[in-house]
Structures are given as structure tokens and as C-alpha cells.
Amino acid sequence: MKADPRGVLAGVHFLDGDQACAEGALAAGCRFAAGYPITPSTEIVERFAQRVPLLGGMFLQMEDELAASIAIQGAVWAGAKAFTVTSGPGFSLMMEHIGYAAMTETPCVIVDVQRGGPSTGLPTLPAQGDMQQARWGSHGDYEIIALAPNSPQECFDLTIEAFNLAEQYRTPVLVMMDEIVGHMTERVVIPPADQIEIVPRRYTTKPPADYRPFAPEADLVPAMARAGQGYRFHITGLTHDERGYPTTNVAAHDRLVRRLVAKIRNDATRLTRVEEHFLEDAEVIVLAYGITSRVALRAVQMARARGIAAGLLRPILIWPFPEARLRQLASRAGLSGILVAEINLGQIVREVERCVGGRVPVRLAGHAGGSVHHPQELFETIVEMAQAVEIER
Amino acid sequence: MSAVEIQIGGLGGQGVILAGMVIGRGLVLYDGYHVSLTQSFGPEARGSACSAQLVVSREPVLYPYVTNPHILVTLSQEAYRRFVPSLRPGGTLIVEEDLVRTSPLPDAVVLYRVPATRLAEALGRRLVMNMVLVGFFAAVVGLPHPDSARRAIRDSVPAGTETLNLAAFEQGYDFGLKQLAGSPVHASP
Amino acid sequence: MSTEVYLPPNPVEALLRTDRMPHIWCPGCGIGTTMNCFARALQQARLDLDKVVIVSGIGCSGRVAGYANLDSFHTTHGRAIPFATGLKLANPELTVVVYSGDGDLIAIGGNHFIHAARRNVDLKVICVNNFIYGMTGGQVGPTTPATALTSTTPYGCPEQPFNLPYLAESAGAVYVARWTAYHVRQITHSMVEMFRKRGFCFLEILSPCPTLYQRRNRLGDGLEAMKYYKEASVTRHGAPTKEVAISFQGPILVGKFVDIERPTYLELLNQQLARTLEAQYTGCIEDHVRS
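Protein sequences, first through last, are from chains C, P and B. So in the working numbering the end of the first sequence lands on 393, straight run, no missing numbers. So in the working numbering the end of the second sequence lands on 582, straight run, no missing numbers. So in the working numbering the end of the third sequence lands on 873, straight run, no missing numbers.
In case anyone wonders, no lab produced these hints; they're calculated from the structure. Don't take every hint at face value.
Said to hold, decoys possible - Selected chain C positions facing chain P (in silico; Cβ < 7 Å):
| id | residue |
| --- | --- |
| 1 | V12 |
| 2 | F14 |
| 3 | V189 |
| 4 | P200 |
| 5 | R202 |
| 6 | V295 |
| 7 | L297 |
| 8 | R298 |
| 9 | R306 |
| 10 | Q376 |
| 11 | E377 |
What the hints assert, rightly or not - Computed list of lysine to any residue pairs in SDA-like fashion (alpha-carbon distance at most 25 Å, straight line):
| id | chain 1 | residue 1 | chain 2 | residue 2 |
| --- | --- | --- | --- | --- |
| 12 | C | K2 | B | L598 |
| 13 | B | K779 | C | R232 |
| 14 | B | K812 | C | D210 |
| 15 | C | K2 | B | L631 |
| 16 | C | K2 | B | D632 |
| 17 | C | K206 | B | E675 |
| 18 | B | K633 | C | R201 |
| 19 | B | K633 | C | K2 |
| 20 | C | K206 | B | D632 |
| 21 | B | K633 | C | R243 |
| 22 | C | K2 | B | R599 |
| 23 | C | K2 | B | D630 |
| 24 | B | K633 | C | P246 |
| 25 | B | K812 | C | K2 |
| 26 | C | K206 | B | Y863 |
As the list claims (entries may be wrong) - Covered by chain C, per the in silico footprint, the following chain P stretches (three or more residues, Cβ under 8 Å):
| id | stretch |
| --- | --- |
| 27 | 411 to 418 |
| 28 | 424 to 431 |
| 29 | 455 to 469 |
Note that the Cβ used here is the ideal one computed from N, Cα and C, for glycine as well.
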């Protein structure tokens with residue numbers, strides 16, 4: 001279906017990533033947000049709070065991030081599309097409810113505008129230090145979807161995408177922004193509503209007597225009911241059977257958890273969203289995401305200008321990781337190494353190493369946070385990697 | 394054209410960010426440029442050092458930070474002290490003439506002084522000093538196009554203050570044109 | 583020769599998930615009693631049961647949601663109230679009941695409790711207070727009377743417990759009552775009153791935990807607890823909540839302490855938006871969710 005035009009501020013704008021994210025949520029049909037103020041994500045809900053009452057929705061400022069991340073789930077079960085946004089310590093506090101949403105298959109969106117950590121760290125400065133927390137932060141086994149925008153335009157586009165994926169897979173979806181992308185102001189083109197595709201909630205069409213809340217459809221995703229419609233369903237974070245009833249049966253637990261993982265993991269290839277530059281003949285591939293990908297592209301361009309065959313692979317959808325594509329690239333003849341640039345001291349690089357399996361050297365250009373890499377610094381590393389290959393030859 | 398780096402530095406409360414916003418918005422929405430605007434703040438909401446940085450290009454901007462500005466605007470002595478060393482050789486420096494005392498600068502730097510606060514006070518509101526500055530900037534730098542800047546001001550300022558802000562812009566713009574008609578003040582004595 | 587036994591239908595059976603019986607509660611536990619009252623109150627209040635939602639946290643009392651034949655949510659520990667807040671605000675036509683224990687609502691969830699009361703979110707909060715953490719094996723809680731023995735205060739509890747009615751009233755609840763599991767008619771009556779009232783309503787029900795609290799403190803079984811409730815309870819409607827604190831095996835003041843009118847969060851929000859935005863404001867989320 002198409003977006004509700006009332007929520008779509010169509011036109012060309014000069015917005016920061018936080019504002020663009022709020023507009024993305026509104027365009028996606030989100031009419032409920034709960035949050036707790038935390039730099040550098042607060043501007044998202046400030047804009048949302050200003051705009052959404054005019055669209056019949058609301059923003060509720062809760063007493064903490066635990067409250068915010070569960071209040072949105074209550075709203076979802078009442079029928080709303082809902083999201084919350086946070087940063088740093090707030091993201092840590094939300095971990096339990098990311099797990100609850102995964103377990104109860106509650107479609108919702110959580111935006112993390114990453115800042116320097118650990119702990120209070122650098123509230124006003126960027127990092128990409130929550131990338132593995134996004135993947136593994138809640139206890140137990142589950143699969144997650146996470147997107148990494150690299151511009152205000154993508155903060156808009158990928159927030160819509162996040163809502164759509166949340167509905168498609170009935171899962172929490174994370175938008176992993178960073179302070180730079182959040183606070184940077186750029187051109188943002190918001191298309192008219194009839195050009196924005198919206199995935200509606202997958203409500204059951206069965207009558208209450210025939211409805212089993214966790215009986216999966218062909219794609220392993222069960223159809224939802226919402227409160228107040230006579231379905232008298234039960235939702236619990238405990239391991240549950242297809243009726244939604246708690247069980248401690250090991251086989252039932254196995255079935256449930258495997259399905260929760262498989263419904264996303266089986267679709268990993270379909271979920272792959274990458275941007276590629278100069279990969280056809282690349283000897284050195286730089287893998288970077290979020291704001292770092294832009295700096296990396298500059299470094300790749302500098303290398304190309306010097307006659308070095310460098311290329312860029314940017315995962316736009318970071319979880320599930322674009323494993324198949326990376327394996328494909330890594331097994332290509334002529335590739336001498338992969339450089340992973342990220343604003344942390346080695347998170348996604350672990351995933352890259354796992355996928356590459358030692359076929360080519362993988363090197364990390366880490367950064368502890370507070371800024372981005374300088375293109376020159378990445379360029380020099382690319383040169384070094386290319387020269388190392390020359391020497392070997 | 395390769396990227397042009399612009400930095401506007403001052404104190405929180407001077408409207409530095411809004412000035413950057415108007416320049417950026419004019420360039421993006423009405424002049425067809427790509428612009429990345431970033432901001433930096435001290436921890437306090439008022440009175441601490443802050444700056445707006447714009448990278449302006451015909452191509453999408455990749456690296457969003459300003460490292461060596463082509464054009465530097467300083468509205469406080471602190472901003473002047475902090476940012477002048479990074480000004481690119483041959484760059485343009487604009488200072489608020491009553492708030493910033495300049496020191497000897499490299500030969501090639503083109504220096505402009507604008508009494509933005511006084512011009513704003515003449516309009517009855519010192520607060521619109523930032524729009525006087527935008528007007529002056531548009532005149533001497535040539536970016537954004539003055540009509541684009543005027544439209545961007547209407548888009549950016551609080552409803553009801555458009556007239557005052559536009560008047561401030563015109564004050565600064567006229568002052569800038571007059572300075573251009575003379576010769577720019579060169580930095581070296 | 584066979585004998586036919588006549589089993590009268592359970593009058594509240596329609597409100598229970600009978601396919602989930604037997605329940606997990608211990609013999610002599612009071613939670614089932616309160617749930618029976620809850621079912622009867624739902625019947626007496628003649629609510630459209632398709633529009634009644636029950637939300638629980640974690641713990642023995644948190645299991646009520648799973649046994650109620652309603653749309654029901656068993657949430658995370660301490661977070662029933664914020665979940666219920668989102669649910670209620672996103673669809674105000676629902677009657678949202680929060681049913682949980684003292685540890686869940688007042689210790690780990692205490693912050694949410696006071697803020698929901700402050701906002702006057704239209705929630706019916708039922709707190710089964712058994713003075714102890716039951717499900718985890720009898721640890722000290724925020725309502726454990728001073729000197730009582732628990733597994734984590736084996737030499738006696740040194741802390742002062744919360745006086746829940748006082749806390750609820752201070753934070754802004756519009757309806758506050760307390761009964762014990764002995765007072766089944768009064769519980770039912772209070773629940774009916776809560777269903778008919780708008781705003782943050784709070785009902786505390788003292789309830790025996792024979793397995794852990796009673797036994798460790800040598801207070802006998804569930805029946806002994808009932809005798810204690812019967813003998814120690816003094817009904818004082820309208821008693822100042824400051825004076826209703828509970829001490830170890832001391833007197834228990836019960837009754838309806840608070841019943842006031844105050845606009846709910848949603849009413850205030852709608853008023854505020856209508857006043858500020860005037861014609862631009864086209865109504866609250868309710869209409870949009872429904873459409």
C-alpha cells in the first residue's frame with residue numbers, strides 16, 4: 001500500500017538526520033513514539049512531538065528508556081505503528097525489550113544514534129560502537145534486522161524501510177545512526193506519498209475460534225491480532241507454543257527459537273542491501289558503513305586517482321550481515337585484502353573475518369570515537385596494503 | 394568545482410547555527426549545491442564556543458568536516474583565536490568588527506570587517522546580527538544568491554519575524570556591496 | 583453401577599482459560615482468590631470483555647494474565663505499567679487492567695508506578711501483596727514488614743516497607759483501596775468501582791504466601807493467614823493513607839481510602855492540544871487507530 005499523504009512532507013528539504021528520521025517515521029505511518037531524552041537522538045522525538053499531534057498521534061516522554069521501549073510495544077498491540085529512539089546508555093537499557101519484541105514478534109523500530117562510549121562516554125560526539133550490541137545485546141538467541149544510514153536522506157529512507165521490514169518479519173528493527181549523520185544537515189528529498197511503499201501490518205483474517213497467534217505462515221511469520229478485537233489472545237515473553245501459552249517443553253522451545261531465527265536468517269540474501277563502488281577489479285576492498293562509508297569512498301577515490309585498484313563495499317543493511325556477497329567478493333582472484341573502517345576498535349571486522357575465513361588478509365582501521373577517520377589516513381592504509389602485495393609479488 | 398569549506402564561529406546565543414542554516418538552505422534548495430552542514434558546541438546552551446561548518450560542492454559531499462576553511466567567519470575573539478590558524482592560505486576571513494580584534498595575518502588572506510551588531514542595533518534588535526552577517530556574506534562571497542538567501546530566511550526564521558530578519562539581511566548585504574565597491578581590506582599592515 | 587455426579591458450572595468459567603488449568607499457584611495462595619473476585623467483578627460491571635485487556639509483569643501474580651480469558655499480556659519484570667500505558671493511549675476505548683505483584687510493581691517497577699499515577703493514566707492497577715518474592719523463592723521485597731524473615735534477610739528484615747496506599751495517593755492516584763484475600767466481596771466491589779472510574783486506580787490486596795512467607799515466619803498455612811486477616815483487619819474508609827502502614831503481624835487498616843476526580847492524561851492531552859492547535863487539531867490517536 002502507499003503512504004498516508006498526511007504524514008508525508010513531500011518536497012526538497014534541508015534537514016539534519018535526526019529530523020529526517022522523524023519525517024521517515026511519519027511517512028511510514030508511525031503515529032506513536034515514546035522516548036527519554038538523550039543526546040544526540042533527542043531531536044528526533046522533538047520533531048516528532050511537534051508534528052504528530054497534527055496527524056492524530058502522540059509522543060509520550062517516559063520516565064526512562066525501559067519504559068519507552070516497552071510502551072511502544074503496548075501501542076503496537078493496540079494497533080499503532082510505533083518507535084522509540086535513543087543513544088548510548090539508553091540503548092543499553094533497551095536491550096531487554098528488544099528481546100521481548102523479538103520473542104513476542106512485536107513489529108517496532110528502535111533508532112540508536114550512536115555516540116562515544118563506553119558508559120556516558122562522549123555524549124555529543126560520534127561512534128559506531130554499538131554494532132555488535134545491536135546484534136547480540138539482548139540475552140538468548142534471536143536474529144535482528146539493523147540498518148546503517150550514511151546521510152540525512154538515508155535517515156529518512158531507511159526509517160521507512162525499517163518500519164516496512166518490522167511489519168514484514170514481525171520483528172524489532174534497529175536503525176543504527178551515529179551522531180554525525182544525526183546532526184548533519186543536508187538535502188533531503190521526500191517523495192510524494194504515492195511513491196512511498198508501505199508494508200501494512202499482517203493481521204489475521206481468521207475468526208477468533210480458528211486463530212492461533214503463533215502459528216507461522218509459509219514464510220515462518222505468524223499473522224497478528226490486536227487487542228480489543230475479540231481474539232482473546234495471550235502474549236508472553238516466556239517460551240510459548242502456537243497458542244501463545246507458556247511452555248517449558250524443550251522441543252517447543254527449540255521449534256520457537258529456531259523459527260524466530262530462521263524467519264530472518266533464511267531471507268538474508270533477500271535482505272542484502274549494499275552499495276558498491278569500483279569492485280569489478282578491486283585489489284583492496286574497503287568495507288565501511290554509516291558515516292564512515294563516505295569517508296572511505298573519498299579514500300578509495302584518492303587511491304584510484306593514484307592508480308591503485310581500490311573499491312568500496314558498504315552494507316546498508318548490516319544485520320543480517322551481507323555474508324553471501326562478501327564471500328563471493330572474497331573468493332575472487334586478484335583480491336589482496338579487505339580493509340574494514342569503523343568507529344570502534346573492531347566490531348564488524350569480526351564478522352568480515354568470519355565470512356572471509358582467512359582467504360584474504362583482513363585489516364582493521366579502527367577509531368575509538370569522537371570523530372570520523374580522515375580520508376587521508378584511510379588512503380594511506382590502502383596504499384600500504386596495495387604495496388604489501390606488490391612486494392610479495 | 395571542488396568543495397568549498399566554510400566555517401562560522403562564535404558564541405552560543407549569537408545565532409551562529411541559524412546563520413549557517415540559512416546559507417546552507419539557500420545553497421541547497423535554491424542554488425542547486427550539495428551542502429553538508431555540521432555543528433559543534435560546548436556543553437552549555439549559551440555562551441560557550443560554537444561553530445557551524447559547511448562543505449559546499451556541486452558533487453555529493455563525502456567528508457563532512459571542515460578542516461581548512463576557504464571562508465572563515467568569526468563572531469567572537471575566542472572563535473578567532475581557535476579557528477584562524479586553520480584558515481586556508483588565500484582564504485577569506487570575515488570578522489565582527491566590534492567583537493574581534495585581529496592580529497597580523499598571512500598576506501594572502503582577504504579580510505572583511507562588518508559591524509554586524511551595530512547594524513542590527515540600528516534596526517532595534519541586536520538579535521538579528523546573524524542575518525546582517527548572512528547578508529554581508531552573500532554580498533562579499535557571492536554565495537548563496539541573494540534571492541536564494543532571502544527565500545531561505547523566510548523558510549528558516551520564526552513566523553512573524555520574517556520582516557525584521559529580511560531587513561537585517563538587506564542591511565548586511567548593502568554594507569557588503571559597498572565594501573566590495575571599495576577594495577577589500579588586506580590583512581597585512 | 584455408575585453414579586452420576588452433578589457438577590454445577592463454574593460461574594466464572596467463561597473468564598478463565600480452562601485449557602491452562604491446573605494453575606501454578608500453591609495450595610493456600612491467595613492469588614487465585616483475587617482472580618475469582620476479578621472475574622466476578624468483570625461480570626458485575628457488565629463490561630464488553632472483548633475491550634478489556636489485562637497486563638501483568640513477572641512473578642506469581644504476573645501469571646494472572648495467562649489464566650484470564652481476555653486479551654492478555656505477560657510482559658517483562660516491572661514493566662507492566664509502561665506497556666499498559668502504551669496500550670491504553672494508543673487505543674483509549676480499551677479498559678486496561680494491570681495485575682501484578684508487589685515486587686514487580688513497586689520494586690523493579692516502582693518508577694513506572696509513580697509516574698503513571700502522576701500522569702493519571704487511565705489504568706486499573708491491582709497489586710497482590712504477599713510481602714515477599716514468591717516465584718524466586720522467598721526473598722525480601724519492598725513491602726516485607728520490618729523484622730520478617732526472608733531468604734535474603736535470614737536474620738530479619740531491617741528495612742521499612744512501602745505503605746502502598748500512601749505511595750499511590752501521594753503520586754496522584756484517583757482511587758486507592760486495600761483489602762485482604764479474606765475480603766472477597768469487598769475486593770469485587772472495589773474492582774467494579776475501579777472499572778467504572780476513569781484515571782489511575784490502585785487496589786492493594788494482601789494475600790498469603792504459605793509456602794514462603796508464612797512458613798519461614800512460622801505463621802501457619804493459608805488458613806492461618808486468613809484468620810489473621812480476619813482478626814487484624816479494621817475497615818476504615820477514608821482513612822488518611824499516611825496512617826495505614828503495615829507492621830509485622832500488626833493491625834491492618836482496610837477500606838477505600840481515596841476516591842477523587844482528576845482529569846486523566848488523555849483528557850488533559852486532548853484539552854491542551856485542542857487549546858493550542860485549535861482547528862488544526864483533529865483528535866487524538868483513538869480515531870486514527872480505529873480507522
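Verification of the hints:
no., hint, result
1, V12, "holds, 6 Å"
2, F14, "holds, 4 Å"
3, V189, "violated, 11 Å"
4, P200, "violated, 33 Å"
5, R202, "violated, 37 Å"
6, V295, "holds, 5 Å"
7, L297, "holds, 5 Å"
8, R298, "holds, 4 Å"
9, R306, "violated, 17 Å"
10, Q376, "violated, 10 Å"
11, E377, "violated, 11 Å"
12, K2(C) with L598(B), "violated, 41 Å"
13, K779(B) with R232(C), "holds, 23 Å"
14, K812(B) with D210(C), "violated, 46 Å"
15, K2(C) with L631(B), "violated, 34 Å"
16, K2(C) with D632(B), "violated, 31 Å"
17, K206(C) with E675(B), "holds, 23 Å"
18, K633(B) with R201(C), "holds, 20 Å"
19, K633(B) with K2(C), "violated, 30 Å"
20, K206(C) with D632(B), "holds, 16 Å"
21, K633(B) with R243(C), "holds, 20 Å"
22, K2(C) with R599(B), "violated, 40 Å"
23, K2(C) with D630(B), "violated, 34 Å"
24, K633(B) with P246(C), "holds, 23 Å"
25, K812(B) with K2(C), "violated, 63 Å"
26, K206(C) with Y863(B), "violated, 36 Å"
27, 411 to 418, "holds (count 3)"
28, 424 to 431, "holds (count 5)"
29, 455 to 469, "holds (count 5)"
The structure fails to meet hints 3, 4, 5, 9, 10, 11, 12, 14, 15, 16, 19, 22, 23, 25, 26 from the earlier list, while all remaining hints are met.
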